[in-house]
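> Sequence:
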Amino acid sequence: MSGAMLLSQHLTELAAATLQETLGLDERPDPLLRAANPQHGDYQLNAAMALGKKLGRKPRDIAEEAAVGLRALDAVASAEVAGPGFINLRLRPSWVGQQLSAALAAENLGIDPVATKETIVVDFSSPNTAKSMHIGHIRSTIIGAAIVELLRAAGHEVIGDNHLGDWGTQFGLLIMGLREWGDDEALERDGVEELERLYTQAAAKKKDDEAFADAARQALAELQGGDPEKRALWERFMAITREAFDAVYDRLGVTFDEWLGESAYQDRLDGVVGLLLEKGLAKEDQGAIGVFFQELEGDIPKKMRKEGYAPFLIRKKDGAFNYATTDVATILYRQERWDADRSVYVVDTRQGQHFEQLFTVAKLMGIDMRLDHVGFGKILGDDGKPLRTRDGGVPKLMPFLDEAEERARVRIEELREEGRLRIEDADLDEAFKTIGIGAVKYADLRQNRMTDYRFEPDKLVELSGNSGPYIQYQYARIRSIFAKGGQNFEGFTAPIALDHEREQELARHLVKYPDVVHTAAETYQPHLICEHLYEVASAFSSFYGDCPVLGSPEEKSRLALCALSARQLEHGLSLLGIGVLEKM
RNA sequence: GCACCCGUAGCUCAGCUGGAUAGAGCGUCGGACUUCGAAUCCGCAGGUCGUAGGUUCGAAUCCUACCGGGUGUGCCA
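Taking the working numbering, the leading residue of the first sequence gets 181, the next gets one more, and so forth.
Because the hints were derived from the structure by calculation, they are not lab data.
You may find that some hints are simply not true.
What the hints assert, rightly or not - BS3-like mimics (lysine-lysine), calculated; alpha carbons at most 30 Å apart, straight line:
1. LYS387 with LYS496
2. LYS613 with LYS576
3. LYS497 with LYS385
4. LYS736 with LYS692
Based on the sequences and whatever the hints tell you, model everything.
Shown next, in the form of structure tokens:
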């Protein structure tokens with residue numbers, strides 16, 4: 181396998197060339213390479229059935245002919261025809277061993293960069309300011325951070341942007357709340373908690389106090405008009421909120437390249453509305469301005485053309501702008517500043533319609549940028565309903581993380597007393613954090629992001645089975661072999677020979693890692709990484725049980741297999757934002 | 001009303017560019033620590049893939065209808 185080439189691509193090309201040659205075709209057929217059920221082989225080719233129909237020949241005959249050519253390949257140990265015309269391929273262990281040795285020696289573990297590098301802005305986390313982060317923010321934050329790392333690992337230039345909701349109508353209410361009940365001492369002490377109280381009180385009062393509501397609207401208008409006093413208040417709100425956010429991000433180990441909230445685009449909104457009017461895409465209706473898809477030409481999904489389909493409003497009748505306006509301005513900004521090829525929005529699936537509209541508008545404007553909405557489902561409680569606290573509120577993020585670490589702590593202390601863990605006293609705090617937070621992240625990332633999932637409090641920190649700590653544990657076991665053997669883990673390389681069945685099983689998984697990383701990046705699916713890591717960890721554990729490493733005749737080769745396993749586990753976990761411990 | 005998503009083992013979930021006997025974890029039951037770490041490993045049991053049709057050599061996967069659950073839907077984000 182040469183240079184920048186994925187295993188799947190390599191095999192596909194080899195197989196395509198072989199099929200073309202042995203069957204004497206004019207064009208290269210798609211060999212329909214699929215990972216096979218292990219009892220049948222490593223891969224299977226399903227092209228014979230399709231070609232049979234096309235060529236008017238028996239699929240099995242075609243398969244038999246192709247198999248002869250495939251058997252001649254270096255990479256292939258066997259090619260057997262089965263069923264209606266499946267070709268089962270087994271890779272040659274010596275060939276796989278060579279691939280693995282090369283990956284172990286490579287800087288990038290064999291993950292070569294994509295052929296066409298893109299500049300991609302990933303919009304994630306994006307909480308509203310003046311509110312503390314709640315459980316609903318964790319998915320965008322964790323999934324978004326993982327997607328940033330995945331795209332980087334695939335070779336792209338990535339800008340992680342925290343698109344804060346820092347310019348909404350909440351500020352009019354907050355300013356009024358502060359005026360009515362403001363308490364500097366409380367604000368100093370409780371920070372964002374106090375802001376929330378003020379907001380809640382103000383929102384309640386607004387409902388049956390028309391004068392108060394007007395005053396809030398007035399305050400908002402003044403803020404947006406650039407009034408210095410209001411601006412200073414806003415900045416104070418921002419500083420308080422930012423402090424609370426930083427604490428959460430620090431806890432989660434998440435960082436951003438940019439913090440361009442909605443406020444960053446305010447002076448562009450007028451221009452956006454003007455531009456859309458000028459292009460004839462937007463029009464005024466009932467005092468508001470918006471894009472009415474029914475009346476436009478161009479590439480517009482059918483459903484948007486139906487009567488009653490909601491318009492994309494960019495200016496309210498009171499003259500204020502919508503978040504839709506900001507989102508258009510943001511796209512234009514990303515084009516100007518970075519010449520971005522792609523923008524990715526890691527936002528709740530419930531906003532799917534908004535993004536469909538936004539993307540359609542961008543296309544109508546002639547903006548040449550790939551735009552993807554990476555949606556995700558809700559976290560449900562064990563009653564199948566969205567997580568709520570006893571008083572009906574949405575649970576806050578910080579206490580949730582506290583609880584995760586606390587559960588990890590309890591379990592770790594138990595296991596230490598039983599003498600099963602080897603964490604030094606000095607490393608305990610770090611271990612609680614790495615294991616506790618790792619468990620939370622893994623539990624979230626291992627599911628297909630699109631579906632809602634049920635979070636059972638008792639499984640908050642899953643420590644066995646397919647879990648973060650399980651993978652961390654297998655990593656620590658490997659490190660422990662190196663420590664015991666007095667071998668240098670960093671930089672260890674050696675040729676890999678695959679003789680034992682368990683070695684081959686482990687190798688089968690290891691060799692797929694570059695493919696998995698690229699697929700996960702392309703499809704924005706971190707759970708594919710989890711799946712792979714679990715398979716590697718699990719295959720390693722079986723290998724560990726059956727194959728002695730230190731002192732065996734195969735010691736060097738097995739150490740190399742161990743080293744590559746550990747590197748993949750560490751690398752994969754780091755893509756997910758999860759750390760490892762050398763000892764645990 | 002219109003649009004979108006989801007119904008897979010007791011529970012939580014993979015699998016859905018159609019491919020062979022539908023896979024994991026948890027839980028149950030039974031084995032394995034004088035041998036590199038038992039948060040581990042090995043094994044048993046557990047399924048009308050919501051229902052009914054259709055397309056296909058082949059459907060959990062694609063199409064249609066229906067049942068059940070969720071979400072969005074003109075001036076919140």
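> Of all the hints numbered above, which does this structure not satisfy? Sort the numbers upward.
When the structure is compared with the hints, none of them turns out to be violated.
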